[in-house]
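Trainee: This is what each chain is made of:
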Amino acid sequence: MLQLKNIRKSFGGVHALKGVELCVKDGEIHALLGENGAGKSTLMKIISGAHIADEGEIFFNDSKIKHNSPHVAQQHGISIIYQEFSLVPDLSVTENLFLSRFAKSSWINWERMHKEAASLINSLGFDMDVKSIVRTLTVAQQQIVEIAKALSQNVKLLILDEPSSVLGPKEVKRLFEMLKGLKAKGVSIIYISHHLEELLVLTDKITVLKDGKTIETVETDTVDKDRLVSLMVGRELGQMYPQKNKAIDQQSKVEIKSLSTRFTKEPLSFDIHRGEIVGIGGLVGSGRTEVLESLFGSDRIHANEILFGGRVWSFKRPEQAIRQGWGMLPEDRKKSGGVLDLSIKQNISLANLGKIANSWGFINETKENEIVGRLIKKLRIKVGDATHALSTLSGGNQQKVILGKWLNLDLKVLLIDEPTRGVDVGARSEIYHIIQKLADDGVFVLMVSSDMDELMGLSDRILVFKNGTLQGEVLRPDFSEEAVLRMAIGAK
Amino acid sequence: LPKEDRLNNKKKEGKEVVKGYTSKKDLSAVKVGYSGPSMVAPYYVALEDVVKRSVQRYGMQYYTADGQEDVAKQVAAIEDLLSKGIQVLVLNPLDPKAVVPVVNRAIAEGVVVFIVDSMIDEKAAYTSSVVANNTLNGELLGLWLAETKNEALKIAIISGNQGNPVGREKRLGFVRGLADGQLRQNAKTNFDIVAQGWGGWNNNGGLKAMEDILAAHPYVNVLLAENDAMALGAYKIIKQMGKENQITILGFDGQKEAFDMLKTGKFEATAQNSPKILGETIIELVARHLNGEKVNKLNYTPSVLISKKNVDEYYDAKALF
Amino acid sequence: MKKELLKNNTLIIFLILLVVSSLVSNSFLTGNNLSNLLRQVAPIGLISIGMFLVILTGGIDLSVGSIVATIGVVFALLSYEVYFPVALTISLALGIGIGLLSGYLVAYRKIAPFIATLAMMTIVRGAGFLFSKGAPISVGPHSSAILTLGTGAFLGIPYSAWILMIVFAAVYMVVRYHVFGRKIFAVGSNEEAVRLSGISVESVKFSVYVIAAFFTAIAALMMVGRTGVGTANIGIGLELDAIAAVVIGGASLSGGRGSVLNTLLGVLILGMIGNIMNLLDVTSYLQQLIKGVIIILAVVFQRNQK
Amino acid sequence: MKKELLKNNTLIIFLILLVVSSLVSNSFLTGNNLSNLLRQVAPIGLISIGMFLVILTGGIDLSVGSIVATIGVVFALLSYEVYFPVALTISLALGIGIGLLSGYLVAYRKIAPFIATLAMMTIVRGAGFLFSKGAPISVGPHSSAILTLGTGAFLGIPYSAWILMIVFAAVYMVVRYHVFGRKIFAVGSNEEAVRLSGISVESVKFSVYVIAAFFTAIAALMMVGRTGVGTANIGIGLELDAIAAVVIGGASLSGGRGSVLNTLLGVLILGMIGNIMNLLDVTSYLQQLIKGVIIILAVVFQRNQK
Ligand SMILES: Nc1ncnc2c1ncn2[C@@H]1O[C@H](COP(=O)(O)OP(=O)(O)OP(=O)(O)O)[C@@H](O)[C@H]1O
Ligand SMILES: Nc1ncnc2c1ncn2[C@@H]1O[C@H](COP(=O)(O)OP(=O)(O)OP(=O)(O)O)[C@@H](O)[C@H]1O
Ligand SMILES: [Mg+2]
Ligand SMILES: [Mg+2]
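Protein chains in written order, with this note's numbering: chain A, 1206 to 1697; chain B, 18 to 338; chain C, 56 to 361; chain D, 56 to 361.
FRET-style restraints, in silico, Cβ to Cβ:
| # | chain 1 | residue 1 | chain 2 | residue 2 | range |
| --- | --- | --- | --- | --- | --- |
| 1 | C | D336 | D | Y135 | 27 to 33 Å |
| 2 | C | S77 | D | M220 | 57 to 63 Å |
| 3 | B | G259 | D | S199 | 54 to 60 Å |
| 4 | C | S77 | B | D333 | 46 to 52 Å |
Calculated pairs, EDC-like style, for lysine to aspartate or glutamate (alpha carbon to alpha carbon, straight line, at most 16 Å):
| # | chain 1 | residue 1 | chain 2 | residue 2 |
| --- | --- | --- | --- | --- |
| 5 | C | K188 | B | D66 |
| 6 | A | K1539 | D | E247 |
| 7 | B | K48 | D | D336 |
| 8 | A | K1540 | D | E247 |
Hints were generated in silico from the structure; no laboratory data involved. Computed from a prediction, not measured in an experiment: that's the story for all the values here. Note that CB positions come from ideal geometry on N, CA and C, so glycine has one too.
From just these sequences and the hints, can you work out the full model?
Mentor: What follows is the structure in structure tokens.
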């Protein structure tokens, strides 16, 4: 049904695609796999008409698509859920669902539109007020709107670019059922994810992309995780999660007392021990991000009391926390993690400019280059030139740069929110090792993650949240997906 | 004598100049630079036009750069004229003091400076100047009003812009003439200035100002506008509110459109401030100076009160202004 | 409509001002003054509605003041050459033409709206001065009908206010119930998403500049109608008033949020401030100062909503 | 520095203009004219450098023209009361004070810079008119030293140009090599990330408005030095010239991108355009029109770089 021949695309000097071939059959769920920056999203945008290929041909149902555009693709029945949200935040759910129909000029019958929108959302097995403004929805709800939007018209080919990274397990399950239903109706699906487990259970075929080229297309039944990883990375990955060698120092701890956030019903308390990685689990939207923000002082409204270093703290602003050696890796890399326009070097230096400047505040570039160079090596960040903009790096490497920002200072406590969202397997494993190394070196680590595998692979202890309340904790020996989930949904 | 003529023959300060001078010397090598305050008012446009034609009439070379309504820009404009190597600067200063340093610099470089239309501060060592006698013009209007209207006067003034010395002279002259006239007739004054609006010297501004004045002070029976353009704008509102016959409208300048209004009796009087006379006179003074004649430092154009009676004498259908 | 009003504090500011105004000056609530007020705000109201649409897309139009001047001049010049309807049509068409150019620069040449319309502002005014040679031009006898537009009234309400109301109602309907209106919001809120939905972002942006210029051209004719002259030095700084009105109406300069209704209230608020200060004989220096303070207060008050 | 110059087309535009100017007018390359040109651009240069810093953070400052007017008035008034150094200090301090207020509104009250500084623009100018009662005030005898600043020269280069060069060099150094400069860029590109890195976004934003107002106050004194008077109706529209200079210098109005060096070239470009048109006797109407066209061409040419 869909056939891509020799697709090439470059952005300025970056050759994102260097001759990709892809063939997707009717009623097939076809996975696309590859490292960050392999060109998956770019390829999908070419199919959907958001980008125009420099070279190559697209055949859809045996006819060649010429002059592709979002509009043309839609008319062929190609729908896509982009990796970055492509909703209009100030419009209602209904309007977002029907945005592509706005291409035709006409008056709007609100009543009818709301009704259609509601029934569309309901038909997917979800429920929400379609009149509400998208900006006010949770990330998961927004993703559901994206999916509904993609299905709002007659779909023949559905493309999903990392749809699951912002969904909770329940929603993911629902999504998979839905995709299988579509498949049964003969719809073809292209599915992109960095989660190999998902691909293995969901898809029929997997095409691996590397450096803008097709490596191989395999039948899902014939491969396992290790094989996929080696296809993708070009080498064996070794151990995904680091070993836990060092004993936890039970004496030395950060005590968090009477913490309250926008969503907590009653103040909560917990400890982090030295050398321990404390994970925070829960469903999406359970208010975990706010716990970190409250501790770090970036969510100003909320109170807490931190016993740490022999004193009581309550950070009102991030700079206070940072002065005490705290760091935070925020959830949204692009929005609040990195300064994409600044150079890699400047991003790494951003949190402790004081250290590389003389007493007049002028920056000692030799010193800066030396520190940055050391960190780049230590974190194995793949960079050509540290003076290039952060935006030129792949997602995984960007994440390492943002992590590197904190290693540059005398780090005592590290708060991490979704460390590997959208990061490929290879880079993910490296990030895990870096985090474990930090803990082993005596840094207190508190980590929020929605990726159950990662949460269990890396944490020493998991605190489970539900609707802003701490439901309880699971210790490493008792780790199981079921145990955590059970607590997260409040089942006893 | 009719009243207006009597008024017009009142004592005049400064010297009036006779026109129609022919140069004996060949002036074709002389570069004359003219800088006006701006080119966004017809008055200034007309003045520039007259200056230009007069300069060319004497065969001199003409250059111009205007102040674009900003003293700093006028300073720059004068500097740019100096860069072009002018020998004579004819200046209509946007501000009496702000151009003094650059004028003195010009003089130090050997340029002779003539001032036209607006006065410059005495610190500037200019050669000669021609201006309208604004105070006297104001007085003429004030006197005329005192002598023609005997009721209690509720006066609204529409001024140009804040801090403008010409406007100040005009209205103070007006008040002086009015007080003097009324005192002479009744041994007391009988007027109130009930409002001062600001009209930015243009039609629209006059209209807006009048609108607000009439809303707050509907009983106004005299309007003095510091130029005719604002009076013309204000008239629109006066007419719209049906107060055409209640309000005596007085202006300054003698703009062509105002003459039409005088003829039809919509305006009652204006005081002449003619760009044509100003422009021709100043260039004549330039020519005389270049011929080695001695010229007066301060010269006034004739002050004339123009009303329905004598408007035809001054009306020029082809005038730019 | 009710929801829209209650979402912002604009209505409250408006009501407070209304009450204060009628208390401090007993000339304020006279029919005469109110009809003046309406006549004064009508042109700036039209311009602000156009500006509102531009701002909704995340743009800005600094050229409106110059358009008012130049279209006025052009109409006045034409009034000597051709009959009224022709002069009217050509003037409005020229207004649209200016909008086409601004829209082209912003939408298709991707020049930042601030810069593109800043350049248009000086170009258009320069042209106005060139055409008029700096002089105000009174409207010729063929076109004295325009004076009726400027000064006449129907049912006691000035024609210009009627036009404002009609335009307001039309824009209100389009913004709420027409696909085009929703597209304007969408473009200001997330351009990329709109583009990916197969909608031409360019044509939406382009259109708002054209519409704004068209409304501004109507405003220009209203102003000519009031004064009977076209002059190139009118309307300086008008763009700032229009922007201030839109913002006092609670719209966001980054686009995607705002309401026409509140924009209109913003216009009335600014108009009332000027009017009442004139009635109270506040000198124009102080007027400026007070206006600035009120803008800040209004915006801070807006912010404290919810 | 070389890289910075080559990254944009500003230098090319500048050079083209320079060559064209010297070809079309033989008065252009005279020492006298060049020193005039420098004197003319010095104040706007200072203001543009301040504006550049503000724009780097994604802000804008519309109040600069008003600051020029009001500080000039204040200095002139003070010159009758106190000795020169005191008058100088108070004037500069007042400039800083205005910047503190704008900065406070933008950084701490989170009012959109366009609106906050628009309000400040009318407030400050209103105050200038109030202080001066609208009249130009000549500098008193104590402070005639200011005239030297405005008109004097050292090594053939006007003092004001020296000041501009010093300020430029200082800002250049700070932007490139100082922690503060780096923070300014960072704030302009991603506020949230900067905040989470422990940098106070507020204080960075606050500072740039203060600095811009300070530079503008210096410019105001330069202008008083040239004219010998303080007057409240000077500098109208100056903000637009400064913004245009920054943009012609290739900076992005959304912040995070730009260079001081190119800003300075932008100032020189605009200054040269004005100067050469005066030399060529272009009427001021046409000057406006041409300036607008050149702004558009410059920006389009900028865009076509790389
Ligand atoms: N608009 C763009 N401009 C410049 N370069 C781009 C652009 N979009 C993508 N690239 C570059 O093209 C390459 C491929 O990017 P793409 O987003 O397709 O990767 P991906 O496989 O989807 O990665 P990920 O797994 O992180 O989503 C990367 O080097 C990226 O930096
Ligand atoms: N902008 C917002 N406005 C109102 N409510 C919000 C907003 N963002 C999030 N919420 C609410 O806050 C709560 C916590 O959301 P949040 O996404 O921070 O949780 P989380 O557990 O950190 O999830 P994630 O897995 O996405 O990190 C949810 O109840 C959600 O509905
Ligand atoms: Mg991708
Ligand atoms: Mg979260």
